[in-house]
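Given the coordinates of chain A, assemble chain B onto it according to the supplied hints.
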Amino acid sequence: MRRLSLGSRLALLFAACTAAVSLTAGVLFSRASESHFIELDQQLLNSRLSLLRQMLDGVHDPASLAPRLPALQTELSHQADLAVRIRGSDGQVWFDSQAGLPESPQVPGLSTLHSTSSDYRSLCVNLDDGHPQSAQLTLFLDITHHQHFLQRMQQLIWLTVGLSALATALLGAWAARSGLRPLRQMGEVASQVSARSLTTRLPEGQMPVELAELAQTVNAMLERLDDAFQRLSAFSADIAHELRTPLSNLLTHTQVTLTRPRDLDEYREALHSNLEELQWMAQLVNDMLYLAKADHGLLMPSRQHLVLEDEADALLEYYGPLAEEAGVLLRREGQASLDGDRNMLRRALSNLLDNALRFTPAGGEIRVSIERPEGRVRLQVANSGAPIDAALLPKLFDRFYRADPARREGSSEHAGLGLAITRSIVQAHGGSITAESSGGWTRFVIDLPRV
Amino acid sequence: MKLLIVEDQTKTGHYLCQGLSEAGFATELAADGNTGQHLALTGDYDLLILDVMLPGRDGWQILQAVRAAGLEIPVLFLTARDAVEDRVHGLELGADDYLVKPFAFSELLARVRTLLRRGSSPAQETSLGLGDLRLDLIRRRVERSGQRIDLTAKEFALLELLLRRQGEVLPKSLIASQVWDMNFDSDTNVIEVAIRRLRLKIDDGHEYKLIHTVRGMGYVLEERSA
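Chains as they are written, first to last, in the working numbering: chain A, 1 to 451; chain B, 1001 to 1226.
By construction, these hints were calculated from the structure, which means they are not laboratory data.
Ideal Cβ placement from N, Cα and C applies to all residues, glycine included.
With the C-beta cut set under 10 Å, the calculated list includes, among others, these residues of chain B facing chain A:
no., residue
1, Val1100
2, Ala1176
3, Trp1180
4, Asp1185
5, Gly1216
Just a few of them, taken from the derived set where beta-carbon distance is under 7 Å, the chain A residues facing chain B:
no., residue
6, Leu275
7, Glu325
8, Arg347
9, Asp354
Quick list of simulated restraints, FRET-style, between CB atoms:
no., chain 1, residue 1, chain 2, residue 2, range
10, B, Arg1141, A, Thr259, 50 to 60 Å
11, B, Ala1069, A, Gln255, 42 to 52 Å
12, A, Pro373, B, Glu1028, 57 to 67 Å
The shape of chain A in the complex, shown without the other chains (with noise of 0.2 Å):
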């Protein structure tokens, strides 16, 4: 079922809320007055019992009523509403002073009654206060013009409460559609985000203080969309751009060579060269699958105890003869351990120092050094050399960034992928890594969670 929308929910919950409130009052205004009515009639009645009672002292039976009954009726003539009954103790009427007085209360005292058409305050009482055997007397108070004021004011409860309710109700959806319309603005620009426009941004400073914290929330999503997107479009064009060097060697090779008849050392050699290019594309082509693997979060690194100090010397006994021939030192210092995927951490770690390897100059130094900073474990990966602008730091973790521009692209050095690995690598072991170069050296910092 399709849920209401905001603006009639609000309307709605208005109403409700005015209904409940003007009932209440209406309500308690009526008992009010209700009770305040009785209380009047009782006032009423108990006077004039007093004065009927002096009347009727001494009225024993139907025969000793008789000579009083003239002084009574005009008594009751100065007062159309006020009636009388008077019985004996064995419930035979004795008098009646109007017709079509409904039946007497059984027990003594006020109560409310109603004959065919007219409504009455009874006061029921033994007409001599101190037997209980002497005979009864009834007052009645003719009450129908307060009853009907009571209906009328009823009904004019209900005409109010259903009155304003309803003008809450058209009076919020109209606040709720003015409130909202901030809302309806964010959905506006929302309808208009496409992939070719992640650039609309909602403004934040229009908005209401409730939603410009939602507003800062879906500009940041926009935002880092927006990013991604650049940088998903960049990839797909920078495998192009990787891919068309090594492939326009390949064909100019191949059909070079097949032009005319060659001798089989020139035939081998084509091979060869073709065979190099290839394996810098498949080594291109496995590499962006797997970072594309990372990005679809399938990169699931093991978890097993790896002392850190023992895969850093590893690794450096690796590089060991290629760092002595390029004359430079390579130097561990610290340990820790953690849990992790060796391998990964071991293709992670070799990006880094293959990195290192080729900015260090003859006769510098690569340093890794491990740290532990409260239940974190650092790696850090130094080497000496140029300074790096602070501005490409950032830009070296991204895919085919090359902080040489000269280096030919599509030659058998790297593509330009490892740093971008080492990243994905370390961020499914849940850690992240930053570059800085300051002082002479350029430092490579892996911060990882200890388990």
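For chain B alone, coordinates are given in the frame of chain A:
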């Protein structure tokens, strides 16, 4: 040694057959899953090379049928997909190894030989040798033409690998994995440098060179008549 290759890509299958035959294996090729399974269950093979995606039955189904029939032949999977689940699935079903396309033929050849060797119990050799090169595994000493050669631990391990698999072209990735336990694609020239240094110690000054570079493929230790 008889191998069955089940691969639906005609070109790939053809080249694999050619390469493996020339490496000294008897090969048979099946181009679809049903034929592949029939051959695998009836023929007497030493190794199966299965593509995962096949018309008819896929590689995993063939593997299941083979294992269900109680055949313990080593199985090597080739696949164009490298999803972790695929790898796990394959290994759970009893695959012995897994190669993701694109792969180098030298890599495949090295893995095939490793798998075929796995079955035979390794002889407890105390020394290895080729020509006038001797490697004493117990005393960890190396001599060539009676002259003692000092090697670092890794150089020794590298030479031992080359000697154990003499005559085989070993790709760099295999050397990195076996000697340094670096099990990832790395295109550094570390292996090149290591081989060059080993060569200096083993071959320098000798008329017959033992360590040879096979361009674009890897390295091989063998006696070549000059």
